[in-house]
Amino acid sequence: MRGSILCAACIAVMPRPAVAQLFDSDAADFLFSWDAVEREVVADRPLLRHDGPYVVVHLAENRVFVFEGARSLWSAPAGTGTGFRLDTEQHQWRFSTPRGLFHIRRMEKDPLWQAPDWHFVEAGVPIPPENDPSRFMPGVMGNTAIYLGDGIAIHGTNQPELLLNPDPEARRVSHGCIRLTNEAARTLMYMVDVGTPVLVF
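In case it helps, the working numbering puts the sequence shown at residues 1418 to 1618.
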């Protein structure tokens, strides 16, 4: 395995200042002014202090990168959260992609999506019991899922056409997860390990 592997319990209690200690915001500034997204990227210094590849999800560009040190090894366009809200008398949902430092907890081929309550509220149908068969939907997450915890994953899609628009703003299409084409999601899975840091900003 590349880099250190953190158990789920360690991730859950990791103090928030660890993000500031590991993330070099000055080194990240280049991404915000960088518009030739197809060329090789080299930062002035690494965005994260990590021995081995790490993942960067750049929400302004809606793009996923794999870096090693200060050098970009790979990138692909992504879909991220719409930012929309859905409110009921009992619940409030905000469909934004959370920012912060995560670590890959597990990876899965051909994942089966377990639809949360909001899926049924959006569809205007009754919410089934937690483990009802109607909640389990193949293909929605594409052929690959990389789980970051707290209900967030980088995964493939059954709607790749939503990721083809060159305008990053038009790729705000998800309920919070980070969508890639199936080809890109599978490529990413082979470039990382469980425990790999994922910086979302």
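Derived from the structure by calculation, the hints contain no laboratory data. Small disclaimer: the values here were computed from a predicted structure and weren't measured. Accuracy of the hints is not assured; some may be wrong.
What the hints assert, rightly or not - Okay, the calculated beta carbon distance ranges per label pair:
no., residue 1, residue 2, range
1, Pro-1463, Phe-1553, 38 to 46 Å
2, Arg-1502, Gln-1531, 21 to 29 Å
3, Glu-1578, Arg-1488, 29 to 37 Å
4, Ser-1551, Arg-1488, 41 to 49 Å
5, His-1508, Pro-1463, 16 to 24 Å
6, Ala-1587, Arg-1488, 22 to 30 Å
7, Glu-1485, Lys-1526, 23 to 31 Å
8, Glu-1600, Phe-1501, 46 to 54 Å
9, Tyr-1607, His-1536, 41 to 49 Å
Quick reminder that beta carbons are idealized off the backbone N, C-alpha and C, glycines included.
Going through the hints against the structure:
no.	hint	verdict
1	Pro-1463 / Phe-1553: 38 to 46 Å	holds (40 Å)
2	Arg-1502 / Gln-1531: 21 to 29 Å	holds (22 Å)
3	Glu-1578 / Arg-1488: 29 to 37 Å	holds (31 Å)
4	Ser-1551 / Arg-1488: 41 to 49 Å	holds (46 Å)
5	His-1508 / Pro-1463: 16 to 24 Å	violated (40 Å)
6	Ala-1587 / Arg-1488: 22 to 30 Å	holds (29 Å)
7	Glu-1485 / Lys-1526: 23 to 31 Å	holds (24 Å)
8	Glu-1600 / Phe-1501: 46 to 54 Å	violated (28 Å)
9	Tyr-1607 / His-1536: 41 to 49 Å	violated (30 Å)
In summary, the structure is inconsistent with hints 5, 8 and 9 from the numbered list given earlier, while agreeing with the others.
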